[in-house]
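Asks: Protein sequences appear in the order of chains A and B.
The first sequence lines up with residues -1 to 449 when you count with this note's numbering.
The second sequence lines up with residues 765 to 1257 when you count with this note's numbering.
I should point out that these hints are in silico values taken from the structure, not numbers from a laboratory.
We put the CB at the ideal spot given by N, CA and C, even for glycine.
From chain B, some residues computed to sit far from chain A (all C-beta separations above 10 Å):
#	residue
1	Ala900
2	Arg901
3	Gly928
4	Ala972
5	Leu975
6	Met1004
7	Asn1008
8	Glu1062
9	Ile1188
10	Ala1215
11	Leu1226
Simulated crosslink set (BS3-like; lysine-lysine; CA at most 27 Å straight-line):
#	chain 1	residue 1	chain 2	residue 2
12	B	Lys1214	B	Lys1165
13	B	Lys1030	B	Lys922
14	A	Lys404	A	Lys364
15	B	Lys932	A	Lys321
16	A	Lys321	B	Lys922
17	B	Lys1075	A	Lys404
18	B	Lys1075	B	Lys922
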Amino acid sequence: MHRYQAGEGDRRRMLEAVGCATVDQLFASIPAEVRCGQLDLAPGRSEEEVRREFWAYAVANSAPECFASFLGAGVYRHAAPAVADALLQRGEFFTAYTPYQPEVSQGTLQAIFEFQTLVCQLAQLDVANASLYDGATAVVEAVMLAARALPERRRVVVAGALHPDWDAVLATYCEPMGVTVGRVGWGRDGRVDAAALRGALGDDVCAVLVQSPNFLGVVEDLAALGPVIAGSGALAVHAVAEATSLGLLAPGGAFGFDVVCGEMQAFGIPAAFGGPLLGFFAARQPHLRQMPGRLVGETVDAAGRRGFVLTLSTREQHIRRAKATSNICTNHGLMALSATIVLSLLGRRGVRETALASHSTAEYLKNGIRGQGSGARVKLAFPESPTYNEFLVLHDEPDALLARLKAEGVLGGVSTSRSGGRWPTGVLVAATERNTREECDRLLDGLRRLA
Amino acid sequence: MSGERSFRAPERLIFERSTPGRVGYQLPALEVPPVDPAATLPPALVRGEIEGMPEVSEVDVVRHFTRLSKWNYSVDEGLYPLGSCTMKYNPRINEEIARLAGIAQLHPLQPEDQVQGALALMWELERALIAITGMARVTLQPAAGAHGELTGMLMIRKALLDRGESRKVVLIPDSAHGTNPASAVFAGFETVEIASTAQGTLDLAVLARHLEGGNVAALMVTVPNTLGVFEPEIVEAAAMLHANGAFLYMDGANLNSFVGIAYPGKMGADALHINLHKTFSTPHGGGGPGAGPVAVSEALVPYLPVPTVEKRDGRYTLSSERPASIGKVRSFYGNFGMLVRALAYIRSLGRDGLRSMSEGAVLNANYIRRRLEGEYHLQYDGPSLHEVVFDDSLQAASGVKNVDIAKRLLDYGFHPPTMSFPLIVHGALMIEPTESEGIDELEEFVAAMKAIAREARENPDLVKGAPYSTPVQRLDEVRAARQPVLRWRRTKD
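Construct all of the structure, not just a fragment, from the sequences and the given hints.
Replies: Take a look at the structure:
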């Protein structure tokens, strides 16, 4: 028998107890016409053999850890304290189920309650849920919430540069729900075209989505946009792809936005080739009953002690079924725990320091590119616009440029060619507190010589 | 706030442990000139330090979360017989592999020549899932089972639209998971619940009646069903659906019961989601992340989400050349970290280990059924596969409900079964032991369940007051819902 299963002796005794001579008899209810023969797979392997196969996959990849990496565009390489993974590897956390039995799940429940609190603090909003799959589906859930809250309005407006994957996922979900997606482009400064946005608003718009910093790295003027959107009667949604920006930039919650949601991978979750990531979702109190996903609430036990439970589950699929606020069941609980640990370690001071260090490093790069002068072959796409830790440099052949940089040990960023044709041609460069000055100088030197 | 210190003492919230001036992390020295954000960013958009965020040391954090962890039950501790959830052992080698730098640190937007290993791994997992299901192709993109359901139903919808049909109705048996109707609705359908037979299985006469109008897009059915019973007429049902122009969506939540025994492909499934966090042992993580790949028949291949991994001239590539695709259902390519673990599990077990996995899961459920029959009532007595659904009707006379039995089980050191599901069994206790357990662990569980049955007869108040030995007693869920407190706030002092 396999090492993950019980032994032959167990099987013999149990077969005897159930009155079967062979285990095959237990499958008599499965008709012959649907049976398969032996599976077309190799025999089972030892741990060492499995390790060998996966090392081969791993070394066939170029791990960004071995390069100076400026990759971003939705997934960022920030500090991942050793403590976070050490705690995640406790079996009490990662081999537990969704906390349906609160008396033996207080650890998970209290950690989620802390996560919800941290999300509310970052978003400056009243309520947050226990997590969603990723930023893309978080944005979808925000639009679905708006469509429920304002059922007569069947249009959503994407204001400015939304992450292309998020935009694509939004389109996938909206079409069958009968919600149309309108898009307002960006101006020469990379920010949403405010005049065009005003023109696009109307009494059929249920939600306006603003990503800030947007996909091009530019910080949108949420202070100005919030009142404009609110005035139209639509719900305002602030989408966040780089959650560490919330350590420095005021969130939509400060400007009357109804929902702040998006991706929290930046708080120490490994890139893992794009998943699992961590969707987060915060809203104003009036939207509580329309929130998607799980919520943990505080209560007391029979002896009056504080405890935590999953609550308001009448919104959810296992109770409300076809009328649920979302179909989500399993969410990204362990990633939420990871972010909770990282945010606790960083704390009040570290969250801002991380953001400031990332911002400062990106500004150093921008200044370096500016310093290459008007004759340089790479240029800042939006030289006058505020950015956080990511910015677009224009170049006619970004993929070739990135390949040349890689040959010198620099992963210089993400080519906009990866995201379809509607973006200015160039490279999105992201910096974090993990990029050293030497790495930055190598990138700048590479851009000077190789562009 | 700090109570009496003991191994059961409550742990304060991380915010309540905060002590001004403590820090838990040191950033690398900033080598570039520090920026004044007032000069680089619009001042109105800049915030200061966030009031109320924790100020704790690294030691504080380690102790806090270690203490919290001790308040959880987990598979590492023992049997976790949640029916429908397949709480099996999570091998540690999979955790080690998933953390290799070439896997865990890989960025999703690196050029394809830098990620050939990752693409090969995804290709291999898709091949393995095809071998296991007998289906045509598999998308690895969905993040969880419900996400897979939605993805499958979107593909069915697109296939119908391409045929010029706008069928609106999705049929769902009354025994189904709640995600099924929710997912169907988010895919733009209306759901109609159909009654099961007296045996709790699919009723073909009812199915035929619903198919008459020509407005049925699909039937969503779990195989084996949520009673753990194989649908004896699934092939006939598939034939009826296909003859009518409708599709068969199969919920693969219970796949652990027949890997290496039968093919969903041969049952006529058009789409089948596979919960990698159930059958293929990726850890549940206290509520995810999971992964919900969807296997499809030839009819749905054109509609798969993009991108798919293709192999051309010995190289792997991400292809979006699929004009009829439903598009994307999430960012990037899937919960890759979970895909890695699932493939490692499939490789570890191999063809024989996978079959013995399902054999063990089914034998263990049948063993529990045999040992508890008579003590607990079995409303549907069809042949069990990987789980068995008892109910509390034998205990009802003394006023003991399934929730009481579940809570009392905690005092015996076991996580309870799934309760009150499926909905067609009143007072359900749904037990799925999985193949991870040996006879000794199952016998201890049986002994606990028998002891509780006896207590229910002799001292029902004891059962109704349980649990007594857990860190907290029964929690006031009504209060939590009526006066929601969903976040910590600093109390004014």
